[in-house]
Amino acid sequence: NSLGDDTDGRVEDGLVIETSETIGALRGEDGTGVITIDPEQELTVQVEADDDGANNATFNGRITGPGSLVKTGAGVLTLDNDNDDSANSSSGVTSETDYTGETRITAGTLSTSGQGIGDTSHVILSGGAMLRLTGDEEIGRLSSAADGSSTSDNPARIDTAARLITGGIDAYTTFAGVIEGPGGVTQ
50 NSLGDDTDGR VEDGLVIETS ETIGALRGED GTGVITIDPE QELTVQVEAD DDGANNATFN
110 GRITGPGSLV KTGAGVLTLD NDNDDSANSS SGVTSETDYT GETRITAGTL STSGQGIGDT
170 SHVILSGGAM LRLTGDEEIG RLSSAADGSS TSDNPARIDT AARLITGGID AYTTFAGVIE
230 GPGGVTQ
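Each residue of the sequence shown is one higher than the one before, counting from 50 in my numbering.
Honestly, the hints are just simulated from the structure, not real lab data. A few of these clues could be false.
Pairwise CB distance ranges, derived in the manner of DEER restraints [to be verified]:
hint	residue 1	residue 2	range
1	D79	P231	27 to 33 Å
2	I218	V65	37 to 43 Å
3	E229	E97	38 to 44 Å
4	D79	V227	32 to 38 Å
5	V227	A123	17 to 23 Å
6	G230	E97	22 to 28 Å
7	D202	D147	23 to 29 Å
Just so you know, even glycine gets a beta-carbon here, dropped at the ideal spot from N, CA and C.
Model the full assembly from the supplied sequences, consistent with the hints where possible.
Structural data, given as structure tokens:
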């Protein structure tokens, strides 16, 4: 582990996760940051809530590779990757996130404005955790954590102000939680 677990990661260019890492927050604001997560590795982002509950971290960039992303801590991590690809279309470069590993949300909120989660990523929510969508998002599969943490008293939640599209991976899964908001879920 070469980064400290409480270190805020700011990515403005490129970062390769060759061994699993835990960081305190993930930030990048200009849309040029690219994180590559190597096979069988994971990037754990632990965003803790401040005393007033206002701690947020925003990454406006691209996550790629076969590794996994894990969101822990009571704070909010926003993957704000709803970038206009027209500037990159002539070079064949896309700003769309395309990592293929799991996306595990064990606590707090993972918010995305669209194209923040890989289209074939299996999204797994623990009880009390939330996936918030402010832009259309396509994922591979959706399920609740197998640990039974999502209960009627402490459900996993999806807040859809936009459309969640599942089925990028042809597999059946179970989501035992609450889906709310004006958006919808399409399989």
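Results of checking the hints against the structure:
Separated by about 31 Å at the C-beta atoms, D79 and P231 satisfy the suggested range of 27 to 33 Å. A beta carbon spacing of about 25 Å between I218 and V65 contradicts the range 37 to 43 Å that was offered as a hint. Between E229 and E97, the C-beta spacing of about 25 Å breaks the proposed range 38 to 44 Å. A hinted range of 32 to 38 Å holds for the C-beta pair D79 and V227, which are about 35 Å apart.
As the Cβ distance of V227 to A123 is approximately 18 Å, the hint placing it in 17 to 23 Å holds. For G230 and E97, the Cβ-Cβ distance of about 25 Å falls inside the hinted range of 22 to 28 Å, so the restraint holds. The supplied range of 23 to 29 Å is broken by D202 and D147, whose beta-carbon atoms lie about 36 Å from each other.
Hints 2, 3, 7 from the earlier list are contradicted by this structure; the remaining hints agree with it.
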